[in-house]
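> These are the residues of each chain, in order.
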Amino acid sequence: MSTTDKAPVTDWATDFDHTHPDYAASAPEVWDDLRERCPVAHSDRFGGVWLPTRHEDVVAIAHDTEHFSSEGVIVNDYKPVGLAPVGYAAPITSDPPFHADARRLLLPAFAPKAIARWEEATRQTCRELLDEVLVGHDAVVDAARDYAQHIPVRVIAEMLGVPREDGDRFRVWIHRILENPGEGFETLEYEDTLDYYLTNVIADRRVHPQDDLVSYLLDAEMDGEPLTEDHVRGTIGLLLIAGIDTTWSAIGASLWHLATNPADRARLRAEPELLPIAVEEFLRFYSPVTMARIAATDVEVGGAHIAERDWVLLSFPSANRDPEAFEDADRFIIDRERNRHVAFGVGIHRCAGSNLARLELTVAIDEWLKRVPDFELADPAAVVWSTGQVRGPRELPVRVSAAGGEA
Amino acid sequence: MRIVYERSRCQGHGRCYALAPELFDSDDEGYAVLLVTGALPAEREAAARLAADNCPEFAITIEE
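These protein sequence lines are chains A and B, in that order. When you read off a place in the first sequence, starting at 1, and then add 7, the result is the number in my numbering. When you read off a place in the second sequence, starting at 1, and then add 168, the result is the number in my numbering.
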């Protein structure tokens with residue numbers, strides 16, 4: 008794995024690397040340190056990238072679509088060029104004015120009332136997974152690998168009308184695109200790419216329309232014209248990639264928290280009605296997603312002089328732990344009442360799937376606690392957090408107590 | 169006390185209508201719709217503050 012041979016980071020303020028294993032292990036400490044002394048870190052890696060850490064700066068950049076383009080949202084060595092305002096995965100990679108229309112196509116399918124109809128299927132998925140995982144008593148199960156990661160894969164497969172068995176391939180693409188960006192591009196057969204997969208799904212749906220999001224997009228129009236093949240492929244790819252390891256990270260991090268904080272576990276068991284409030288605190292404290300922008304012009308942020316075409320990471324996780332924006336920002340408060348967190352971003356690119364993500368996170372924790380009221384880390388040293396722009400536990404072995412298993 | 173909701177700032181986070189469904193609803197795209205006008209009855213004030221304090225876009229303010 009290429010992450011092991013990355014150059015060591017000597018100073019996070021001047022040479023940070025969000026794809027380095029050290030960042031995976033201790034990102035919250037890195038943000039706290041940088042917010043105090045920096046607060047906009049820089050690195051020459053990836054051709055020049057900035058990391059603002061204050062809530063104020065992160066929010067300002069997210070709202071400033073004039074100086075910051077979404078043409079590239081994943082920092083890697085292959086910076087997109089000439090793709091604005093559509094980008095390769097509309098609408099997340101789109102800029103105004105194209106962005107608004109492309110986004111409006113998706114919003115009705117992801118509005119709360121439309122998402123509510125997926126609750127039962129999500130519950131069923133969680134129960135099936137728990138049935139598979141909880142065989143026997145006093146077992147050690149991997150809450151990330153055997154539970155969390157499968158939930159969003161199965162839900163989005165259903166929404167897109169593709170077989171859930173394809174989920175293993177989704178995870179390979181996600182790893183390649185998000186966690187180790189650019190890795191292995193040279194050695195890839197075209198038949199193994201996401202692009203090839205999506206092209207085939209679209210071709211099939213043109214002949215055999217179904218009641219799913221692919222057929223919906225093939226029927227949709229912008230300015231009286233059908234969407235281009237590239238637009239449909241980019242959007243389907245986005246729906247497939249964006250909702251999976253983000254949600255799985257949030258579920259895994261929440262279960263990590265509950266495994267290591269018995270008092271919060273007991274509180275949720277005693278007061279299940281608290282779960283929706285607790286979910287928002289899980290989202291604030293363990294925000295999985297950092298997005299990126301490309302500076303459209305030279306621009307100053309928080310005292311840093313950002314050059315045109317530099318990468319800028321939007322660390323929503325760091326913003327959510329800024330003491331200037333949150334009381335007791337460094338404390339997880341399960342019943343936090345005032346929680347203006349930005350885990351789903353802010354501004355025109357607010358995560359379009361946020362209602363689905365909340366549903367999956369809420370149901371995943373609820374169903375887990377019903378079946379596994381007590382659990383603890385089997386081996387704290389065995390927990391592995393991801394690298395890159397999506398943060399969550401990738402390996403999370405927990406010991407499930409005998410009393411907890413109904414299986 | 170009354171609620172001021174700025175639709176132009178709303179990005180559809182949905183916190184207000186989740187926390188204060190008696191005051192806000194969502195439209196078909198997930199943007200908030202304010203359900204009340206004028207002075208709030210006292211028993212709605214706590215919910216209004218909750219909605220305002222949880223909006224990531226500062227789209228909701230309370231006028232005393």
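The set of hints was computed from the structure by calculation and includes no laboratory data. We treat Cβ as the ideally placed atom computed from N, Cα and C, and that holds for glycine. Honestly, I wouldn't trust all of these hints.
Unchecked claim - To give an idea of the interface, some chain A residues facing chain B are shown, with a C-beta separation under 8 Å as derived from the structure:
1) A20
2) N346
3) V353
4) G354
Unchecked claim - To be clear about the criterion: a stretch of chain A counts as covered by chain B if any three or more of its residues have a C-beta under 8 Å from a C-beta of chain B, and this derived list gives those stretches:
5) 158–169
6) 336–343
7) 357–369
> Each hint: holds or not?
Now for the hints, and whether the structure bears them out:
1. Proximity of A20/A to chain B is violated relative to the hint, the smallest CB-CB distance being about 28 Å (cut-off 8 Å).
2. At its closest, the beta carbon of N346/A sits 6 Å from a beta carbon of chain B; the interface hint therefore holds under the 8 Å criterion.
3. Interface hint at V353/A: satisfied, since its Cβ lies 5 Å from the closest Cβ of chain B, which is below the 8 Å cut-off.
4. A least Cβ separation of about 6 Å between G354/A and chain B falls short of the 8 Å threshold, and the interface hint therefore holds.
5. Counting residues of the stretch 158–169 of chain A whose beta carbon lies closer than 8 Å to any beta carbon of chain B gives 0, which falls below the threshold of three, so the coverage claim is violated.
6. Chain B is given as covering the stretch 336–343 of chain A, and this is violated because 0 residues of the stretch bring a CB closer than 8 Å to a CB of that chain, at least three being needed.
7. Against chain B, the stretch 357–369 of chain A contributes 3 residues with a C-beta closer than 8 Å to a partner C-beta. That satisfies the three-residue criterion, and the hint holds.
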